[in-house]
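Order-wise, the sequence lines are chains A and B.
Note that the first sequence covers residues 1 to 285 in the working numbering.
Note that the second sequence covers residues 1 to 346 in the working numbering.
No lab work stands behind these hints, which were simulated from the structure alone.
Even for Gly, the Cβ is constructed at its ideal location relative to N, Cα and C.
Please note that a few of the clues may not be correct.
A few chain A residues that face chain B, going by a derived Cβ cut-off under 7 Å, partial list only [stated by the list, open to error]: (1) G175; (2) E179; (3) A183.
Listed below are the residues making up each chain.
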Amino acid sequence: MARTGSSKSKIMLMALVPLLIWVFAFEIIPVFQMVVMSFQNSDGLGFTLDQYYKGLTTSLYLEAMKNSIVISINSSVAAMIIALFVAYSITRFTTGIRDQLLMVSNMMTNFAGVPLAFAYMILMGNNGALLLLLERMGVEAAGSFDLYSQTGVTQLYIYYQTPLAILLVYPIFYGIRTEWKEAASLLGASTWKFWRYIGIPVLLPGLLGTFSLLIANALGAYATAYALTGISFNLLTIRIAALVSGDIFPNFQLGSALAVILAIIMIFSLVVNELMLRWSRRRGT
Amino acid sequence: MSYVKIEGVSKYFGSTKVLNNISLSIEEGEFITLLGPSGCGKSTLLRAIAGLNDLSSGDIYVGDKKITHLPSKDREVGMVFQSYALFPNLNVFQNIAFGLKMEKMDKEQYTVKVEEMVELIDLKGKENMYPGQLSGGQQQRVALARALIKKPKILLLDEPLSALDAQIRRTLRNEIRLIQRKLNMTTIFVTHDQEEALTISDRIFVMNHGDIEQEGGPRSIYTSPETEFVARFIGNYNVLKKSELETTGARLVSENELFAIRPEAISIFPLAKEGHNMDETINIICEAEVVMSTVLGNVMRFDMDVKGIGITVDALNESKIHWIKNGMTVQIAIPIEECKGLRIPS
Ligand SMILES: Nc1ncnc2c1ncn2[C@@H]1O[C@H](COP(=O)(O)OP(=O)(O)OP(=O)(O)O)[C@@H](O)[C@H]1O
Ligand SMILES: [Mg+2]
Numbered sequence: 001m002a003r004t005g006s007s008k009s010k011i012m013l014m015a016l017v018p019l020l021i022w023v024f025a026f027e028i029i030p031v032f033q034m035v036v037m038s039f040q041n042s043d044g045l046g047f048t049l050d051q052y053y054k055g056l057t058t059s060l061y062l063e064a065m066k067n068s069i070v071i072s073i074n075s076s077v078a079a080m081i082i083a084l085f086v087a088y089s090i091t092r093f094t095t096g097i098r099d100q101l102l103m104v105s106n107m108m109t110n111f112a113g114v115p116l117a118f119a120y121m122i123l124m125g126n127n128g129a130l131l132l133l134l135e136r137m138g139v140e141a142a143g144s145f146d147l148y149s150q151t152g153v154t155q156l157y158i159y160y161q162t163p164l165a166i167l168l169v170y171p172i173f174y175g176i177r178t179e180w181k182e183a184a185s186l187l188g189a190s191t192w193k194f195w196r197y198i199g200i201p202v203l204l205p206g207l208l209g210t211f212s213l214l215i216a217n218a219l220g221a222y223a224t225a226y227a228l229t230g231i232s233f234n235l236l237t238i239r240i241a242a243l244v245s246g247d248i249f250p251n252f253q254l255g256s257a258l259a260v261i262l263a264i265i266m267i268f269s270l271v272v273n274e275l276m277l278r279w280s281r282r283r284g285t
Numbered sequence: 001m002s003y004v005k006i007e008g009v010s011k012y013f014g015s016t017k018v019l020n021n022i023s024l025s026i027e028e029g030e031f032i033t034l035l036g037p038s039g040c041g042k043s044t045l046l047r048a049i050a051g052l053n054d055l056s057s058g059d060i061y062v063g064d065k066k067i068t069h070l071p072s073k074d075r076e077v078g079m080v081f082q083s084y085a086l087f088p089n090l091n092v093f094q095n096i097a098f099g100l101k102m103e104k105m106d107k108e109q110y111t112v113k114v115e116e117m118v119e120l121i122d123l124k125g126k127e128n129m130y131p132g133q134l135s136g137g138q139q140q141r142v143a144l145a146r147a148l149i150k151k152p153k154i155l156l157l158d159e160p161l162s163a164l165d166a167q168i169r170r171t172l173r174n175e176i177r178l179i180q181r182k183l184n185m186t187t188i189f190v191t192h193d194q195e196e197a198l199t200i201s202d203r204i205f206v207m208n209h210g211d212i213e214q215e216g217g218p219r220s221i222y223t224s225p226e227t228e229f230v231a232r233f234i235g236n237y238n239v240l241k242k243s244e245l246e247t248t249g250a251r252l253v254s255e256n257e258l259f260a261i262r263p264e265a266i267s268i269f270p271l272a273k274e275g276h277n278m279d280e281t282i283n284i285i286c287e288a289e290v291v292m293s294t295v296l297g298n299v300m301r302f303d304m305d306v307k308g309i310g311i312t313v314d315a316l317n318e319s320k321i322h323w324i325k326n327g328m329t330v331q332i333a334i335p336i337e338e339c340k341g342l343r344i345p346s
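Bound conformation, chain A alone (with noise of 0.2 Å):
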């Protein structure tokens, strides 16, 4: 029995192959192969920090790098914001409404990259529709507008990032029981006092992965930016895509250490959001 056993667990490992063979030659090479070129200089020999030196003291690359950071944030905050308001409203609603909401939801998370920047070009571009309409309306502020500025760019991240947000928070709502709410109203509570105490305390843990999510989705983006402006705004992967692709003076060596850099980032907001998850746990469970 103990054979059959054993000969079946190694069966159902073998099965295991080409998962391991897959993870192996696109996730762990690729990635041991970038952090070996950050450390090689610029004819890909030998051992140097000097790539690293030069992508923390450019100023180019330390404005990408804030670049990115700041409209990661905006647009997580502000997608969040949004998010928290939709998906509570959609979840008063019957279920039939709600699941056409969601999949208007589910769809437009995956209109990003190139094809919402041109929508957004046709609409709110230099001759935008929407601009020139709400400038025959009479809104003068509509005349200011300049998609492809740093707001413009924000804006499309806060675009593709509020359905994803919404998709992510909308299940969480569903951890508030009715009751809860109901109990606290016989003990006196307001309904601000209920979200206070009880219902956002209890909903944080879920929010906050949530942002962290939100974060590394806009972080790691780069189609939807190029696509608008080119390589003229200044983002940390439009940065990275340009010394790996481009035409002039490619530079591999340099292109992982930002790499490198912008992975160190992305790990560095999960920790952060790891550690804000177990303090707001802290009371709970």
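Since chain A is already given, all that's left is putting chain B with the ligands on it; use the hints.
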């Protein structure tokens, strides 16, 4: 002077009538039970008293004050839910203190009161535990303390014991009753379990389809059901039509069309001529075939066939009834005064 008064209360959900012009009144310090099958409107009535759902018509008064349109938080009503509904992010102490904290009471002041409550529900030393770390019975005690700490005018309990297992149900049931007596708390208890209702209540309101079919003390509800529904719901009454009862040989002088007979009021004798010495003027004596017998613990239940009419007889499970076997023909005696005439509800 009644303390809680419910006057002509009706409730529709869409076009379905869930409460049908219900009126009842409760004395201060009384423990009453709303008893009825699932879906009969017990929770709807209870939640209307708490202000958790509104009414289509009618009024509710507590101590002469009309509360029909008051928001929940101003009603001074405490409630315990079937699912405990404790706040998961607060520990035992904080859960119990929640109501006082909402009143902006100082921490020193409410700490004393919370400690008193913790003692009352016998959870000393567990103040810092979270709901997830407590058993169902302990959670329900915390919920009880949380509802009682503000000294509400009425305590509402919506099937508070249904989620617990049999042993804990019985102990907690007794504890709730003791605490209620100690605090002289006017209490409305909802259950669909007739045994629970009979053991815990001062008075029972039996509900069916949004109506109150009968009210009364546990004893009178059990021994004198007034309608077929109450007879069937509260005990395992035999409910017979007048014509059926007459085929057994009864000569009844009564207006009623329907009669209820408690299964334990009927006695069983051997078929032999001298098998019994019952007075035939006050008993209906007839032959019956034993169709099936079931052991219910201390009671044996016999399903009998009397000229095509099914009658259930309960007898104490003692050795002197062990001669009764399935398929046998026996004699049964039904005391005429135990044939309770039933009213047909309008
Ligand atoms: N919000 C609602 N909308 C529509 N119908 C409802 C609503 N709440 C309750 N009902 C209906 O009203 C009737 C009474 O419900 P209620 O919850 O009062 O029953 P109950 O006696 O408490 O039953 P249970 O023992 O199952 O808790 C049921 O038929 C139920 O379907
Ligand atoms: Mg109910």
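Structure-based check of all given hints:
1. G175: Violated, about 9 Å.
2. E179: Hint holds; A:E179 Cβ to chain B Cβ min 4 Å, cut 7 Å.
3. A183: With a minimum Cβ separation of about 5 Å from chain B (threshold 7 Å), the hint on A:A183 holds.
Violation of the numbered hints given earlier is confined to hint 1; every other hint is satisfied by the structure.
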